[in-house]
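Protein chains: 2
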Amino acid sequence: MRLALNHATTKRWPLEQAVAACAGAGLAGIGLWREEVSAYGLEATAKLVRDAGVPVTSLCRGGFFGAEDWFDDNRRAIDEAAALGAPTLVLVSGGLPPGSRDVDAARAHVGAAVGALVPHAQAAGVRLAIEPLHPMFCSDRCVVSTLAQALDLAEPYPVEAVGVVVDTYHLWWDDQVWAQIARAGTAGRIACFQVADWITPLPEGVLLGRGLPGTGCIPLRRFREAVDAAGYDGPVEVEVFHADVWDRPGGEVFAEMVEGYRAHVEG
Amino acid sequence: MRLALNHATTKRWPLEQAVAACAGAGLAGIGLWREEVSAYGLEATAKLVRDAGVPVTSLCRGGFFGAEDWFDDNRRAIDEAAALGAPTLVLVSGGLPPGSRDVDAARAHVGAAVGALVPHAQAAGVRLAIEPLHPMFCSDRCVVSTLAQALDLAEPYPVEAVGVVVDTYHLWWDDQVWAQIARAGTAGRIACFQVADWITPLPEGVLLGRGLPGTGCIPLRRFREAVDAAGYDGPVEVEVFHADVWDRPGGEVFAEMVEGYRAHVEG
Numbered sequence: 399m400r401l402a403l404n405h406a407t408t409k410r411w412p413l414e415q416a417v418a419a420c421a422g423a424g425l426a427g428i429g430l431w432r433e434e435v436s437a438y439g440l441e442a443t444a445k446l447v448r449d450a451g452v453p454v455t456s457l458c459r460g461g462f463f464g465a466e467d468w469f470d471d472n473r474r475a476i477d478e479a480a481a482l483g484a485p486t487l488v489l490v491s492g493g494l495p496p497g498s499r500d501v502d503a504a505r506a507h508v509g510a511a512v513g514a515l516v517p518h519a520q521a522a523g524v525r526l527a528i529e530p531l532h533p534m535f536c537s538d539r540c541v542v543s544t545l546a547q548a549l550d551l552a553e554p555y556p557v558e559a560v561g562v563v564v565d566t567y568h569l570w571w572d573d574q575v576w577a578q579i580a581r582a583g584t585a586g587r588i589a590c591f592q593v594a595d596w597i598t599p600l601p602e603g604v605l606l607g608r609g610l611p612g613t614g615c616i617p618l619r620r621f622r623e624a625v626d627a628a629g630y631d632g633p634v635e636v637e638v639f640h641a642d643v644w645d646r647p648g649g650e651v652f653a654e655m656v657e658g659y660r661a662h663v664e665g
Numbered sequence: 399m400r401l402a403l404n405h406a407t408t409k410r411w412p413l414e415q416a417v418a419a420c421a422g423a424g425l426a427g428i429g430l431w432r433e434e435v436s437a438y439g440l441e442a443t444a445k446l447v448r449d450a451g452v453p454v455t456s457l458c459r460g461g462f463f464g465a466e467d468w469f470d471d472n473r474r475a476i477d478e479a480a481a482l483g484a485p486t487l488v489l490v491s492g493g494l495p496p497g498s499r500d501v502d503a504a505r506a507h508v509g510a511a512v513g514a515l516v517p518h519a520q521a522a523g524v525r526l527a528i529e530p531l532h533p534m535f536c537s538d539r540c541v542v543s544t545l546a547q548a549l550d551l552a553e554p555y556p557v558e559a560v561g562v563v564v565d566t567y568h569l570w571w572d573d574q575v576w577a578q579i580a581r582a583g584t585a586g587r588i589a590c591f592q593v594a595d596w597i598t599p600l601p602e603g604v605l606l607g608r609g610l611p612g613t614g615c616i617p618l619r620r621f622r623e624a625v626d627a628a629g630y631d632g633p634v635e636v637e638v639f640h641a642d643v644w645d646r647p648g649g650e651v652f653a654e655m656v657e658g659y660r661a662h663v664e665g
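Chains A and B are the protein sequences, given in the same order. For the first sequence, this note's numbering gives the first residue as 399, with consecutive numbering after it. For the second sequence, this note's numbering gives the first residue as 399, with consecutive numbering after it.
The hints are simulated quantities; they were obtained by calculation from the structure and are not laboratory data. One thing to keep in mind: the hints can contain errors.
Said to hold, decoys possible - Footprint (simulated), chain B over chain A, 3 or more residues, beta carbon under 8 angstroms:
id: 1; segment: 497-504
id: 2; segment: 527-535
As the list claims (entries may be wrong) - To list a few chain B residues with every Cβ distance to chain A over 10 angstroms, as calculated:
id: 3; residue: G424
id: 4; residue: W468
id: 5; residue: P617
id: 6; residue: R646
id: 7; residue: A653
What you are looking at is a predicted structure, and each value in this text was computed from that prediction instead of being measured. Backbone N, C-alpha and C fix where the C-beta goes; we use that ideal spot for every residue, glycine too.
Please model the complete structure; the sequences and the hints are all you need to start from.
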């Protein structure tokens, strides 16, 4: 099965239980988050997934290149990914600097920052994955808003060092996305494929408004077929942020995720 | 002065006072909304603005082409615009049909629906203006998400019958917007230019989260210069939806709008 659990989907489910569920269901792996890894302990987490035979499909997240310590912090994130055996570090690039109205400059800074991290990423054997986030996050979370922008930013750097994330939640509205997925495939840049569904109304702050696969309006199967056709054969991470989903028992959400994946992504 | 008040900015300010303020300050006009016009009375509103010498710059809004009665309702909206002397009817095209995951089909339907309205619009001397809304509204309010899409949809129809709206709030994140504004200008399609600023956090439902000019991160002057360079010399409507702004006295918001316009749009 290509399905992987991104741990953010079951954020409050203890890591041992999430990893055990992935192993038990024969999932392709688990996507982890730095906060939870840090709380559990980096070495302990590495041992946990190794003993369970569950690959870490990605580590979330590096980026936030507006922060003062972005360079050191992202180097640490790369090291953590390497320690976990994660092939990919997902980069959420950060929003506009305070008071800025210059999104072009912020995007250019992302490109330069990614470039500055390439040598360390290559040395560690970790691939940086630039994630375009939905345009509603452009000012405060990620100035990279489309797959085309992410690919433009990745282009100067070696394919094995810098890729992009294709996340259905962020990209579904974009009529250019199908051509850009094909472009990403041809360039060998698809480092990560994440799935969540679009539901409304959006909550305050719009961060925790995602739906489990099949609950919303995104043609998830079309996305999966598009990345397949572009030559991507890696894991399919389900990554859902929603307060109501987080309030439910992890095992219940996990089962629903597997079901939704089979019905709406795989099938 | 090219500034026009879109009445939605001061939604609870009685129409007489809003119109009087526009006249007193020498604004280019006022953008009106069908609900408020209907509550005041269509003929009464037409007389009010005529007597005050305040042009109606646009009527908001037609569209919502997923509704069962869209054809008749939009014909009525065209008639209302004509009765008010408004040159432009702003179209918010509507979201996905219930249960649909096919945004391409919904966009194609918008194009066909606009085409079906062209004869009535031409007969009435009202221009239909397709408004791209921010992608966060794609599923539930407007499947037209970029200026490029709006121009593609307008293209088959006569320029004098179908134009587009350039609204800073909806388009600022898009790195293609400058080229598309130039394209819109070359094609003679800019029917309406609206200004609001982007502020965060977004509120629940994301509709009422706009900022008065200068309070957010959008390069408003760059937009005004871009539409100018594209040959647009019409009014600049400030259209802000925000619960806190609506709670304040209309006159106070009006003064702040004029100030923000002078400092951040005009100057």
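Going through the hints against the structure:
1. Using a Cβ-Cβ cut-off of 8 angstroms, 5 residues of the segment 497-504 of chain A lie near chain B, which meets the minimum of three, so the contact claim holds.
2. For the segment 527-535 of chain A, the stated coverage by chain B holds: 3 residues have a C-beta nearer than 8 angstroms to a C-beta of that chain, and at least 3 were required.
3. Non-interface status of B/G424 relative to chain A is upheld: no Cβ of that chain comes within 10 angstroms, the nearest being about 28 angstroms off.
4. The beta carbon of B/W468 is kept farther than 10 angstroms from every beta carbon of chain A, the shortest such distance being approximately 20 angstroms.
5. At the 10 angstroms boundary, the C-beta of B/P617 falls inside the reach of chain A, the nearest C-beta of that chain being 5 angstroms off.
6. Against the 10 angstroms criterion, B/R646 stays outside the reach of chain A, whose nearest CB is about 21 angstroms from its own CB.
7. Under the 10 angstroms C-beta cut-off, the non-interface status given to B/A653 relative to chain A holds; the minimum distance is some 23 angstroms.
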